[in-house]
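Here are the chains, one letter per residue:
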Amino acid sequence: MKTPSFRLKIALLSAIISGVVLVGFGLAAFLMISRQKTESLDTEIRSIGTRHPGWITNRRDFKRLDVALGFIFGEDHRDQVILMVKNAADDTVLYTSSGWPKEFDHAKLDCTLAVDPDASGVAATPGGDDDLSIGRGRGGQGRGLGPGGGGGQVSFTKIPKFQTIRTAAGEWRLGMLGTADTTLIIGLNAAQTRVELDRLRNAFLVALPLALSLVGLGGWLVAGRALRPLRMIASTAERVTARGLDQRIPVSNEDPEIARVISVLNRMMDRLENSFQQATRFSADASHELKTPLAIMQGELENALQEAFPGSREQQVFSGLLEETQRLKTITRGLLLLARADSGQLKPAAETVDLTSILEGIIEDTRVLAEEMRLDFEVKLAPGINVQADPVLLRTALLNLFVNAVKYNEPGGKIQVTLESRASQAVLTIGNSGPGIPEDDQTRIFTRFHRVDVARQRQVDGVGLGLSLAREIARAHGGDLALQESRPGWTSFVLRLNA
Amino acid sequence: MKILVIEDEKKIASFIRKGLEAQGFVVDVCHHGDEGFTAVTTRPYDAVVLDIMLPGRDGLSILRNLRERKMAVPVILLTARSELNERLEGLNLGADDYLTKPFYIEELIARLHVVTRRATGASQSILAVADLTVNLLTREVTRAGRKIDLTAREFELLEHFARSPGRVLTRSQICERVWNYDFDPGTNLVEVYIQRLRKKVEGEGEKKLIETIRGVGYRMKPEE
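Chains as they are written, first to last, in our numbering: chain P, 1 to 499; chain R, 1 to 224.
Isolated chain P (complex conformation) (with noise of 0.2 Å):
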């Protein structure tokens, strides 16, 4: 499977890490919420029970407190408050209220209440049966019961219990508060509490996705904001690639840390081209070097060569340091043009020329090479083939091709040349009937000074400098020097000009 771009990660990456901090806090303000909301019903749970001193006088008078709350709650108070009384000993109910619903169970209810250790007894204090002058707020909000209550407050010795119960009506949250004789459960209608809370989850639930996706979509963005300046490294390391080491990176407003990435990797680039081109001009420079002393060798020996005893030893041994002098300057000239191809200096002067009649030059010769060997040639040249190069460059890399197809082939065997032109290309093959190369060794081919070792009698002669020479030049006029095929009996190179 394909690796996600680093891209996309980030938009993923920052979508989950957002949507879990989101939930997290949805779910932490949710409960705040929900529990904030409870704790307001069970306030006014203990402010009903504590501002309606007068049932707790008489144990009778239940029925006031419940009209009381009629006043409070207004018409519908059947919905909105209920109302029960137990004794606290037996659990024995001493009044319900007529909306208390029928279907639920009071003996579930645990009434038994803890002694509260700080209430100090029974505070209660006998006062006027002036309750129904307690505020009168109708609906919803005004629940809470108006300042000025008067006639004094209960003081409950237990510590108070709330519960939460579901009903097929709905939900209610019941507060019981307890004297030492009577327990007082008062229920307040939590459905519209509960509305509010699921309308609140809803819109969370909503939103959630949207921010999310929102979030993603900046990771994207940001993310491509990010990676321009990796894009950008990115090409330039492909442009020092293709053209050269002189290739930088352009430094503009970048952020500090990409700033300094890039500024490390144009030194590394500064260093690389330095120490490179210190190699290529230390390679063109002695073979410039070289060139002086071997014209003097070189003018020397066949001076002394002409002066000699024609077939004499002296001759024979000037002759063969002639012959090898003329192998180092063949090496000389290789390895400078291979310091320029290094350095990007091979820049052939490109003048239109024939290669279909150059090739057929060296076709002739090359089979006059050919002959000790009995070669057999199958050429098929498309005529008037022109391209864009330099003659002299062009014909050292067809020589060495051909040479090598004579050199690695076998007795008896066959040479296969043929030109085409395929989209504004010149195409070459050459193939050979040779023993073809090592699988270990295809790779190194155009490699400098590597040579195949056949196994065989005769020994190759040359100094393997020709097939990377050959790549080189090649490469120099935009054109490519390739290995096509090589097995036991068979070899081919193509080389590609543009016309």
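Hints are computed from structural coordinates only; laboratory data are not their basis.
Think of the CB as a built atom: it goes at the ideal place given N, C-alpha and C, for glycine as much as any other residue.
Certain hints may be false.
Examples of chain P residues lying across from chain R (beta carbon under 8 Å, computed) [claimed, not checked]: (1) Q36; (2) L294; (3) G311; (4) E323; (5) V368; (6) G478.
Okay, the calculated bits of chain R under chain P, using three or more residues with CB under 8 Å as the criterion [stated by the list, open to error]: (7) 2–15; (8) 162–171; (9) 216–222.
Go by the hints and put chain R onto chain P.
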């Protein structure tokens, strides 16, 4: 024929002088650009062998100055560089030929013959060795009146020998001169062509012209 060699590398100048003198040229040598320029502008020469890198005035500026003064003396440039651009620059400035170091003396001699012949007209367009004549213009070859048909390569090979009878040519020299190979292809290319040439040039009962020098090369037999 009088040749001026302007070359600062003394040993190179020395072997050029030796080689040319052996072929009957009269040679003057200058090691400095300014000195060379004075010599070429004040004394008559049939040709100048001019190095490009020189102390003082460099080769290309000497050449430019000569041509600006309408002096048509043939010039062969020598350089250690082989870039086509430099080659073209030299030729554009009016050089008659161009040799890249290292070069064979024998090659220099051949080119000197060509440029001087070009300068003096067609008087030397026929090479004659014994009863063999090689017409460089019509590319006709005759031996004792018998016309001989040669391929282009064979003609070049014969011309090469006929230019310097008596001179021994090694295989690589021939390769470089006739085939432009700057390496010895390592097989019998030269040998095969020499055999072919002999078959055509040395008819039945005719004297041998091309001699094999064992372990060295070939030469055209000097006239006795």
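So is the region 216–222 of chain R in contact with chain P by the C-beta rule, three or more residues under 8 Å, or is the coverage claim wrong?
holds (count 3)
Go through the hint on P/L294 and say holds or violated, using the shortest Cβ distance to chain R against 8 Å.
holds (4 Å)
Taking a Cβ-to-Cβ distance below 8 Å as contact, does the region 2–15 of chain R have at least three residues touching chain P?
This one holds; 4 residues, not fewer than the three required, reach chain P with a Cβ under 8 Å.
Interface hint for P/G311, Cβ within 8 Å of any Cβ on chain R:
holds (5 Å)
Residue hint P/Q36, partner chain R, criterion CB-CB below 8 Å
violated (89 Å)
Return the status of the interface hint for P/V368: holds when the least beta-carbon distance to chain R is below 8 Å, violated otherwise.
Hint on P/V368: holds, closest Cβ of chain R at ~5 Å, below 8 Å.
For the hint on P/E323, just tell me whether its beta-carbon gets within less than 8 Å of chain R.
Hint on P/E323: holds, closest Cβ of chain R at ~6 Å, below 8 Å.
Three residues or more, CB to CB closer than 8 Å: is that satisfied between the region 162–171 of chain R and chain P?
holds (count 4)
Is the hint on P/G478 kept, meaning its closest Cβ partner in chain R is under 8 Å away?
violated (16 Å)
Violation of the numbered hints given earlier is confined to hints 1 and 6; the remaining hints are satisfied by the structure.
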